Amino acid sequence: MIDLAAFSWRFLKVWKRNLVVYQRIWKVSFLTPLFEPLFYILAFGLGFSGLIGSVHYGGADLSYTAFIVPALIATAVMWNAFFETTYGSFVRMYYQKTFDAMMATPLSLEEIIIAEIVWSASKSVAAAAIMLTVLGLLGFVQLPMGLLLIPLAFVGGLAFGAIGMFFTGIIPTIDMFNLPIFLFVTPMFLFSGTFFPISNLPGWMQPFALAFPLYHLAELARRFSIGTSETGTIISIGYLIVFFLFFTVLSFGAMKKRLIQ
Amino acid sequence: MENIIEIQNLVKTFDGIAAVNEISFFVQRGEFFGLLGPNGAGKTTTIRMLYGFSPRTRGKLRIFGMDISTEYRKIKARIGVCQQDNTLDPDLTVEQNLHVFAEYFAIPKKEAFERSRELLEFFALNHKKDAKVLELSGGMARRLILARSLINKPELLILDEPTTGLDPQARHQVWEKLEELKETGITVVITTHYMEEASRLCDRLVIVDHGKILVDGSPEDLIDRYAGRHIIEIEGPDQALIEYMKKHDFEYDDLDRRLILYEPEGRDLNHTIRERFCNEKCIYRNSTLEDVFLRLTGRGLRE
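Protein chains in written order, with the numbering used here: chain A, 12 to 272; chain B, 11 to 313.
Bound-form chain A, shown alone (with noise of 0.2 Å):
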């Protein structure tokens, strides 16, 4: 099934490409991560938890802020990788042709995907650093173990990347994006104990929670950043890999599938 002469460091020029291109819009792009986290620990942090009180987790008594918090960075990874190799990935492949022209060079079409979804990760990294710097300043993040996030975004990104590049490829139009999204991504987003601990959800959908990769992320990033955490940092670090490595696979035969005829 899978050709390892397909695999080679060339897998990095297409990724500078992306570089290139976002070289070009990074000014717009980098407002989101700084801002956005401002935004919601205003709206949950200040307006919301009055009503909450404290959070139960990992058996300590956290203040709400700083429960989401480090949910906030999850969610903003997950985000950033999965919109780039679904919208941003079809978007090249589909009207672009921009992979039709790669496939004309020495480039195999493993190396193609592969970058897409390191570069989708990369996105993630920069997103997560940005949202490090301003919540690290607001003291949400303990220094220097919140450094941690960095890597871990990567990881994340890895998987929610590869995750979208397989619907990039089993996707006949751009608009049934809507599907994944709403069956898929905004379940998770919401169940995943990023707003509140799964130990709050009913007992038969707590499995379904610990299958999400975000929940996953979510427990790495209160690792990382306040210290506490529900599940096993190995664990968790292994499931987001091996659903990274799961969908890549996939994802080769989805695109071989859709590109080459």
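What the hints contain is simulated information worked out from the structure, not anything from laboratory work.
Small disclaimer: the values here were computed from a predicted structure and weren't measured.
Hints may contain errors.
To be verified - To list a few chain A residues with every Cβ distance to chain B over 12 Å, as calculated:
1. ILE63
2. ALA137
3. ILE161
4. MET187
5. PHE202
6. THR239
7. SER240
Claimed, not checked - Derived coverage of chain A by chain B (criterion: at least 3 residues anywhere in the stretch with Cβ under 8 Å from a Cβ of chain B; other residues may be distant):
8. 22-28
9. 116-125
Glycine included, every Cβ here is placed at the ideal spot set by N, Cα and C.
Starting from the structure of chain A, add chain B where the hints point.
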């Protein structure tokens, strides 16, 4: 002469239907080779197999003596491809398109920049180097795609309808550039719908239809073989003319309102026809590749 491309009994099927059906041809170093045929004849499918975009179903396909399915990287590093669609990168400027593409070939930066400058100069795009691709006219975009396909100094250039959709000025400009390239000894495979283009550029060509090769030869040779030297077109032919043709066993195509007579070698039919059968309008002209093409592939509409 060294064979750059060797194709033997090449087959490509889609869902059991053969788009390319047992075709064989070769292209020698330095040749300008044409692949002609109506829409859906299998040209683009063949071309895509050539540059490794789509895998073949059966048959032999060797480029530079290597197998494209296993040595695609080595082969692709030595070929340039100008696809039918505009595959320029709209997120990048004109010059960046060349620089980034050079990266895909792992060309060192200094060399890539120098090469880009030369190519922009050659294709008269220097003044547009910082423009966005979407701001280019059709002709300029086509020239940029050509420039991009030459970034790796390919030994083999594959052109899939390089002038489709261009106005006559832009088309002639592309032809001039291609002729200049030909001087450098590069090998070219081209598909086109413009017979004038094929006649002017190709040393040798094949006409394909329904996935099969119909004929193979130089443009002049094919014209001689299939359309004679001269053609008389007679508008509004009458029964007497048709009987006259049949009696003398002349080759002709009856298009109802118009009759096309292929003048046999050594006969001067022009006067006879004009005096005896020309009711409306008669044209006496040299045969062209277009006549050959239409004779061989028929005049029925495709698609």
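Hints violated by the structure (numbers, ascending): none
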